[in-house]
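Note that the protein sequences, when read in sequence, are chains A and B.
Quick note: the first sequence, position 5, residue 5 per our numbering, numbers continuous.
Quick note: the second sequence, position 10, residue 166 per our numbering, numbers continuous.
For the record, the hints were derived by calculation from the structure and aren't laboratory data.
Mixed in with the good hints, there may be bad ones.
Facing chain A, according to a computed beta carbon distance under 10 Å, are these residues of chain B, among others [stated by the list, open to error]:
1) Gly174
2) Ala237
3) Glu238
4) Val275
5) Thr282
6) Gly283
Backbone N, C-alpha and C define an ideal beta-carbon position, used for all residues, glycine too.
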Amino acid sequence: MFLLVLGGSFAGYLASLKLSRRVQNLEYFLGFVQAAETEIRFSALPVRDVVEQHGTQLAFLRQCAQLTREGIPFDEAWRQTACRAEGFFEKDRELLLRFGEGFGASDAEGQISHCRLTMELLRRRLEEAGEEKKQKGRLYRMLGVLGSLGAALLLC
Amino acid sequence: MTKLTQENSFSFVVQALGGRAAILLGKVSDQARSNVQEIGLRAGKPVSLVTQEGVFFLNGRGIPTRLPQRDMPTLGASDLAESLRRLCGYSIYSFQEELREGFLTLRGGHRVGVAGTTVVREGKITGIREVSSLNLRLARACPGCAQAVLNRFSEVGESGLLLAGPPASGKTTLLRELARVFSDGETGLVRKVALIDERGELAGVWGGVPQFDVGECCDVLSGCPKAEGILQAVRSLSPSVLICDEVGSREEIDALRYCLNMGVLLFTSIHAGSKEELLRRPQARELLETGAFSAVAMLSSRREPGTLQKWYRAGDLLAEMDRRVPSCAGRQFCRISGVA
Numbered sequence: 001m002f003l004l005v006l007g008g009s010f011a012g013y014l015a016s017l018k019l020s021r022r023v024q025n026l027e028y029f030l031g032f033v034q035a036a037e038t039e040i041r042f043s044a045l046p047v048r049d050v051v052e053q054h055g056t057q058l059a060f061l062r063q064c065a066q067l068t069r070e071g072i073p074f075d076e077a078w079r080q081t082a083c084r085a086e087g088f089f090e091k092d093r094e095l096l097l098r099f100g101e102g103f104g105a106s107d108a109e110g111q112i113s114h115c116r117l118t119m120e121l122l123r124r125r126l127e128e129a130g131e132e133k134k135q136k137g138r139l140y141r142m143l144g145v146l147g148s149l150g151a152a153l154l155l156c
Numbered sequence: 157m158t159k160l161t162q163e164n165s166f167s168f169v170v171q172a173l174g175g176r177a178a179i180l181l182g183k184v185s186d187q188a189r190s191n192v193q194e195i196g197l198r199a200g201k202p203v204s205l206v207t208q209e210g211v212f213f214l215n216g217r218g219i220p221t222r223l224p225q226r227d228m229p230t231l232g233a234s235d236l237a238e239s240l241r242r243l244c245g246y247s248i249y250s251f252q253e254e255l256r257e258g259f260l261t262l263r264g265g266h267r268v269g270v271a272g273t274t275v276v277r278e279g280k281i282t283g284i285r286e287v288s289s290l291n292l293r294l295a296r297a298c299p300g301c302a303q304a305v306l307n308r309f310s311e312v313g314e315s316g317l318l319l320a321g322p323p324a325s326g327k328t329t330l331l332r333e334l335a336r337v338f339s340d341g342e343t344g345l346v347r348k349v350a351l352i353d354e355r356g357e358l359a360g361v362w363g364g365v366p367q368f369d370v371g372e373c374c375d376v377l378s379g380c381p382k383a384e385g386i387l388q389a390v391r392s393l394s395p396s397v398l399i400c401d402e403v404g405s406r407e408e409i410d411a412l413r414y415c416l417n418m419g420v421l422l423f424t425s426i427h428a429g430s431k432e433e434l435l436r437r438p439q440a441r442e443l444l445e446t447g448a449f450s451a452v453a454m455l456s457s458r459r460e461p462g463t464l465q466k467w468y469r470a471g472d473l474l475a476e477m478d479r480r481v482p483s484c485a486g487r488q489f490c491r492i493s494g495v496a
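One chain only, chain B, in its complex shape (with noise of 0.2 Å):
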């Protein structure tokens, strides 16, 4: 498997995406192209370049700047469906169901974002048309990202672990790295993981083949809604741990519980900038309740994949929490307090 820098990966999505998008971006030079996590395209404004320092603009010569000139050239929407239309293979009926949801993954998990104007029938989406912007996000492998956060598990891991962090942290990143080295033994035990990837971000998996190292011993359940994917690996896997990014919904955290009874090790992620926006977040708390976890790992954004910011025991936020929201049935004793 070729190394995936990010250097490498941009050039892939480059060449990726053809035409006119391609010609702007390929006068970007490896040191700039090296740093990039994200690429905007918009019809009528320039090219964006999301880094780890924020978002900047390509100019005519390929130099990323901060502020957006007048001058800065710019795809129009016809180059942007001409773009999709080559990432889809040329085939856009045969990538419907992923851009009804509003992506697409590539060869290499890069996973493009597509905004424009829906087509809704019945009230759901059916597809997008007038494609107005295509956000592409570079996928990266760390190997090694997760040792700190390793280190720190083995101390208390005796359940699972929540990784949260603001976008950009390296979540997804961290989570495959941790398939991998648990599918390959590098804990001393190879493990059987089950990694339930919804949107083809953990694994980009390919032609039946995931595109990033996931380990030895790993099954992918690719494409698969959340909820359904944790209950079908847990009925016909029998896997010792279980990865899947951003869990939050009801369906979810129930299939969760479900896997718990089954003595399965859970590493699941959620957004939160910081504790106070995780104590704030009531599927947070939900997550925490089902014991599933034994501690939630904050990441931090400006360094590295798997940056270690903060280490919380899921005891102690509970804690924290309660004593921030107290209960419903307390809630409802004072008021009725109050009136009396």
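Same shape as in the complex, but just chain A (with noise of 0.2 Å):
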């Protein structure tokens, strides 16, 4: 019975867990693309030394940085990696895919507003991420506890 509570519990915590990482994951993306921007602004620093210096809080950019050291072009890289993101949601993963498409596709001044494009997008994204965090995070954690100790009672 125990376990079959903090199971429910589990799988509550974990739900809303997901949701957290989520707007976890949207930050440090749009600080990278921050970062990318002053680095083109300032060191015309090449795409693969932004994802490498830049890019060490998400798994994706990590993966995407050793892909390129290992030769693969830097476009398949970044396609490779940003289609199996761990921690965001499919539309995010499309958001992440046009970024790498137009990255590093053209001059300082076009990388400039296709890194702030990016970047506006992104905080609206992280907007709706953490309201649906605050609603629905507190949500499947309550509907964890509540449903297992539900089916609990009624297996008694």
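These two chains come separately, so use the hints to put the complex back together.
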């Protein structure tokens, strides 16, 4: 019985954690795009080095850096890793892929615009994710505990 | 340093291009690769290869043919954009300045000329969008190719040497080899050489390291405008030999004069397909009048780089120029006499 309650609560907690991780990852990615914009503006650092230096907080960026080190072309490495990026929703992954398609593909002015557009979209996505986390996070945890308690009572 | 042959230069460039361009060029046989000097990629057109025998077009099996045919595979504008992105390490903005000049230099010293719709602001080209063609010029090193020129030069070499020749006659290759020979001391004395490499072709510097062997005592000013580079090198590097490619503007010639006053031996080049063309070029006259060159080596485009076609003493050429084009004062006088 105890295990059932524990398992249900844990499932609720995991669902809520997913929402928290999404917020955190979106924040990290926003930070990465901000850093990329600064690097492009002031040092014209190539994309590969931008990912290497500023992408340490996100697993998919670390993997992308690793693949480019192994000789895989940057666009291919980004595609491969962004479409499987963990801790994001599907619609977030589309945003990551869109960013990668344009990343490095134009002059500095074009890149700064590209980064700013992505940052704007990310901020909106972050607001939405924060709201979802606030509303649904507690709900999932409660559902987990109460659902498992209900199931336990029914079994008794 | 890996020996830079045409064959491995071709393979390197093909790998750097990637995508469909690499697939098409990958079919070219090793024998054909060894003759290629330039690769031309144009949107909607067959791939062209420039060799010493002329221009060839690639068919679907990777065989170069003299004339373009309708069924030959072509590359689209998106293929070219993708290749350019790859060549720039997926960071077009990092090569913005070079692209503004219309070219970029790859590792190994290979040069990529870029054509497309230019972006112009306040009358100046600020970039290129919608790339319509890429022209890849394969860098080549040719150890020993300066020997014939040096043999002649040692007979008259009290001052510098001007190399003249048509495009693809090996002027740049020869200048690079001269830098190596002087700075390695192969002429009997190690000389400090300054190489002014405005377009990154002479030394092919990549990550601060010259990709070509320019010798042990050679300082390279890369990406630097020639006139400023010449002055800076003379002021700060105290070279005994100064080498730069294609000098012609007023500022550059003035900088060479300054250089001459500092006792530096000069080697440079000028485009001229024949003696006639050379005599017609006002820049040639201005260069020879500086007194910086004791002779002009006319190179042949038909054979290996550094093949000496003719050797002219600077004084003889100047005398011939004077005979053909009378001095300005003389012309004025004749005209006035005619009116009178």
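Tested hints:
1. Of the supplied interface hints, the one on Gly174 (chain B) holds, with its beta-carbon coming within about 6 Å of a beta-carbon of chain A, less than 10 Å.
2. At its closest, the beta carbon of Ala237 (chain B) sits 8 Å from a beta carbon of chain A; the interface hint therefore holds under the 10 Å criterion.
3. Because the smallest distance between the Cβ of Glu238 (chain B) and any Cβ of chain A comes to about 8 Å, under 10 Å, the interface hint for this residue holds.
4. Here the hint on Val275 (chain B) is kept, as its CB sits about 8 Å from the closest CB of chain A, short of 10 Å.
5. Annotation: interface hint on Thr282 (chain B) holds; nearest CB of chain A at approximately 8 Å, less than 10 Å.
6. A distance limit of 10 Å between C-beta atoms decides the matter here; for Gly283 (chain B) the minimum to chain A is near 5 Å, and the interface restraint holds.
Figure legend: structure checked against the earlier numbered hints; every hint is met.
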